[in-house]
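*Asks:* According to the numbering used here, the sequence shown is numbered sequentially starting from 1364.
To be clear, the hints were calculated from the coordinates, so they are not data collected in a lab.
Any given hint could be a false lead.
Distance condition first, Cα-Cα at most 30 Å in a straight line; then the derived BS3-like pairs of lysine-lysine [said to hold, decoys possible]:
hint, residue 1, residue 2
1, LYS1536, LYS1501
2, LYS1477, LYS1536
3, LYS1536, LYS1465
4, LYS1439, LYS1477
5, LYS1465, LYS1477
Per label pair, the in silico range of CB-to-CB distance [stated by the list, open to error]:
hint, residue 1, residue 2, range
6, VAL1455, GLN1525, 18 to 24 Å
7, ARG1418, VAL1480, 53 to 59 Å
8, LEU1506, PRO1451, 48 to 54 Å
C-beta: ideal position from N, C-alpha, C; glycine also.
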Amino acid sequence: MTQGDERTHPAQDDRPVNFETQSQDLDGQNAPDALRTELETVRGDLAKQQELMVRTLADLDNVRRRAVRDREQIQKTATERLMVDLIPVIDVMRLGLEAALKDPHAQNIVDGFKMAVDQLERSLAAHGLECMDPTGAKFDPNLHECIAHVPTTDQEDGTVLQVARCGYRLGEKLLRPAAVVVASSGKEGEQ
1364 MTQGDERTHP
1374 AQDDRPVNFE
1384 TQSQDLDGQN
1394 APDALRTELE
1404 TVRGDLAKQQ
1414 ELMVRTLADL
1424 DNVRRRAVRD
1434 REQIQKTATE
1444 RLMVDLIPVI
1454 DVMRLGLEAA
1464 LKDPHAQNIV
1474 DGFKMAVDQL
1484 ERSLAAHGLE
1494 CMDPTGAKFD
1504 PNLHECIAHV
1514 PTTDQEDGTV
1524 LQVARCGYRL
1534 GEKLLRPAAV
1544 VVASSGKEGE
1554 Q
């Protein structure tokens, strides 16, 4: 065999071997350095992609949480608006019930009306609406609206004597203050 034949003979795995290229790479040790450089580049790219993936997952999680929070806020606002709209309806129904109670011939109407008012109040209470009846409590300007002062010696000054209109709260939020009559000591110059 000649020297040229050795260069083109296939290796044992049927691949042609180019001895000139192999000797060139081994002489300068270029292959390991090039592989190391390429490996570092690939590792850097992988780290960047992993960081991007982590950030994207965090952003997705934030979007989900924000959507849940927004949905809860919308539901809370809608419930609050509905309750505010229904409070005057309850007032009118109570006034109608009080008027019907004065007529002895309207007992069936009173009973039906009372059941309707009770059912409406139970339904609204199930959604968090609370009627505030502060009779006997100390007047609180944050929760009550004073519509009159009545001089009395029977009660302590500033005590709520009567509730003219029920106040309402939805959770911790005051929707309407209670309109109340407050006891006063009756002494001049104290108010």
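*Asks:* A separate judgement is required for each hint: does it hold in the structure or not?
*Replies:* So, going through the hints one by one against the coordinates:
Pair hint LYS1536 plus LYS1501 holds up; C-alpha atoms about 20 Å apart against a cutoff of 30 Å. At most 30 Å may separate the alpha-carbon atoms for a hinted pair to count; LYS1477 and LYS1536 meet this at roughly 27 Å. Distance restraint check for LYS1536 and LYS1465: the Cα-Cα separation of roughly 35 Å exceeds the 30 Å cut-off, and the hinted pair is therefore not satisfied. For a cut-off of 30 Å, the pair hint linking LYS1439 to LYS1477 stands: about 29 Å separates their Cα positions.
Straight-line distance between C-alpha atoms of LYS1465 and LYS1477 comes to about 14 Å, which keeps the hinted pair within the 30 Å bound. For VAL1455 and GLN1525, the hinted distance range of 18 to 24 Å is satisfied, since their beta carbons lie about 20 Å from each other. Our hint of 53 to 59 Å for ARG1418 and VAL1480 holds, since their Cβ atoms are close to 56 Å apart. Taking 48 to 54 Å as the suggested C-beta distance range, the pair LEU1506 and PRO1451 does not conform, at roughly 19 Å.
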